[in-house]
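Colleague: The residues making up each chain are set out below.
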Amino acid sequence: MLNPELISLDNQVFRCYLGWSAILVLKIFATGIYTGLMRFITATFANPEDLMSPKLKVKFDDPNVERVRRAHRNDLENILPFFAIGLLYVLTNPAAFLAINLFRAVGIARIVHTLVYAVVVVPQPSRALAFFVALGATVYMALQVVLTAAF
Amino acid sequence: MLNPELISLDNQVFRCYLGWSAILVLKIFATGIYTGLMRFITATFANPEDLMSPKLKVKFDDPNVERVRRAHRNDLENILPFFAIGLLYVLTNPAAFLAINLFRAVGIARIVHTLVYAVVVVPQPSRALAFFVALGATVYMALQVVLTAAF
Amino acid sequence: MLNPELISLDNQVFRCYLGWSAILVLKIFATGIYTGLMRFITATFANPEDLMSPKLKVKFDDPNVERVRRAHRNDLENILPFFAIGLLYVLTNPAAFLAINLFRAVGIARIVHTLVYAVVVVPQPSRALAFFVALGATVYMALQVVLTAAF
Chain A
1 MLNPELISLD NQVFRCYLGW SAILVLKIFA TGIYTGLMRF ITATFANPED
51 LMSPKLKVKF DDPNVERVRR AHRNDLENIL PFFAIGLLYV LTNPAAFLAI
101 NLFRAVGIAR IVHTLVYAVV VVPQPSRALA FFVALGATVY MALQVVLTAA
151 F
Chain B
1 MLNPELISLD NQVFRCYLGW SAILVLKIFA TGIYTGLMRF ITATFANPED
51 LMSPKLKVKF DDPNVERVRR AHRNDLENIL PFFAIGLLYV LTNPAAFLAI
101 NLFRAVGIAR IVHTLVYAVV VVPQPSRALA FFVALGATVY MALQVVLTAA
151 F
Chain C
1 MLNPELISLD NQVFRCYLGW SAILVLKIFA TGIYTGLMRF ITATFANPED
51 LMSPKLKVKF DDPNVERVRR AHRNDLENIL PFFAIGLLYV LTNPAAFLAI
101 NLFRAVGIAR IVHTLVYAVV VVPQPSRALA FFVALGATVY MALQVVLTAA
151 F
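Protein chains in written order, with my numbering: chain A, 1 to 151; chain B, 1 to 151; chain C, 1 to 151.
In case anyone wonders, no lab produced these hints; they're calculated from the structure. Quantities reported herein were computed from a predicted structural model and do not represent experimental measurements. A couple of the hints might just be wrong.
Since copy identity is lost for identical chains, a pair holds within one copy or between any two.
Restricting the straight-line Cα-Cα distance to at most 20 Å, the calculated cross-link-like pairs of lysine to any residue (SDA-like) are [to be verified]: (1) Lys59 / Pro123; (2) Lys27 / Arg69; (3) Lys59 / Arg69; (4) Lys57 / Pro123.
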């Protein structure tokens with residue numbers, strides 16, 4: 001059932017995983033760059049060697065910078081485990097329709113999560129919804145992988 | 001020696017990696033959900049749009065929330081590298097008995113780490129022991145992968 | 001074009017990915033150990049159960065500890081996505097010369113990043129340069145993977 005031929009561009013499930021993983025890597029990096037931009041805009045630098053002017057002091061509590069940092073950390077907590085479990089889920093040879101839509105759900109929900117968290121703050125439950133759509137899809141994949149390993 | 005057929009359910013080492021990786025993904029997510037619960041219990045919210053009542057203010061220093069966040073971050077620092085190196089270690093075709101017990105050691109030690117850190121605080125050196133068992137096993141895998149790549 | 005035989009020690013691109021990934025896993029762990037050492041040197045402990053003496057109190061703002069923690073977090077933000085995208089990039093069957101030098105660039109730049117950030121503080125733009133060399137190489141890989149998935 002599980003075999004290495006699943007890792008092939010001919011397997012549309014793997015191809016979908018490949019595309020969304022790469023997009024989400026770029027999305028994580030974009031959030032990192034956005035943190036840096038926000039540091040310059042607000043002149044909030046965490047290291048003495050980063051200070052652009054002798055008048056500035058290190059600062060850790062700018063709310064705009066901290067907001068982007070929380071969005072970024074939430075990515076690490078949720079997208080990075082997806083990279084691992086998504087690949088293993090492809091190897092369980094899931095039904096293509098379901099798997100492809102799960103990958104789309106994770107990809108779109110995590111992009112929306114960043115937008116409503118760090119770019120334009122949208123009232124709750126928008127961020128919570130985006131968070132739980134991506135989490136639910138990833139948990140489902142992890143449960144399928146546990147079942148495949150166990151039986 | 002190293003070949004893609006190792007990525008197969010017939011390879012009990014890969015199967016063990018598959019199962020423990022999925023369990024640890026679920027464990028990381030459980031810690032994330034636990035952070036959220038702790039935020040509600042202690043009414044500690046980091047974003048203005050998360051405040052449930054106009055009387056609340058954003059708060060960043062609740063010791064219970066921060067403790068779970070430290071446990072969660074420690075997971076990111078230690079479990080996420082395991083996902084990458086565990087798969088590569090499987091591809092070096094290690095002895096099954098050793099590899100399976102290393103995966104079990106990482107899986108059990110990281111679950112214990114969260115329990116004694118964030119659920120029921122157990123005096124040291126319990127957390128340090130759990131930390132170093134998982135770290136030692138993962139470092140061993142990484143060294144084996146370096147040796148495989150070099151020779 | 002993309003096929004599982006690329007995951008083989010006979011493929012020097014995969015072999016290079018294998019080696020640098022394992023070295024970077026060890027580098028991340030070294031930064032974690034260094035954080036612990038710095039905590040002992042400066043007697044900065046975040047948990048009551050970690051305090052070595054009843055005279056100590058929990059402390060969160062030692063600048064040396066926080067500096068290493070920022071370097072460590074920067075690793076999570078940049079090296080962990082590389083583990084995922086590097087493997088997928090190998091599967092796109094890239095030209096060996098380019099791929100091998102991209103892996104070397106990421107590996108060396110991320111080691112330099114930690115050294116100039118957390119070990120011996122070197123004035124900017126040394127850290128920024130190390131950061132952007134690794135980021136640029138990883139973004140290039142991600143774009144190649146997106147193109148492979150799309151066409």
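Colleague: Is the C-alpha distance from Lys59 to Pro123 at most 20 Å within one copy, between copies, in both cases, or in neither?
Modeller: Classified as between; 18 Å across copies, 28 Å inside a copy.
Colleague: Using 20 Å as the alpha-carbon threshold, which applies to Lys27 and Arg69: within, between, both, or neither?
Modeller: Only inside one copy: Lys27 and Arg69 sit 14 Å apart there, 23 Å across copies, limit 20 Å.
Colleague: How would you classify Lys59 and Arg69 at a CA-CA limit of 20 Å: within, between, both, or neither?
Modeller: both (14 Å within a copy, 16 Å between copies)
Colleague: With identical chains treated as interchangeable, where does the CA-CA distance between Lys57 and Pro123 reach 20 Å or less: within a copy, between copies, both, or neither?
Modeller: between (33 Å within a copy, 16 Å between copies)
Violation of the numbered hints given earlier is absent; every hint is satisfied by the structure.
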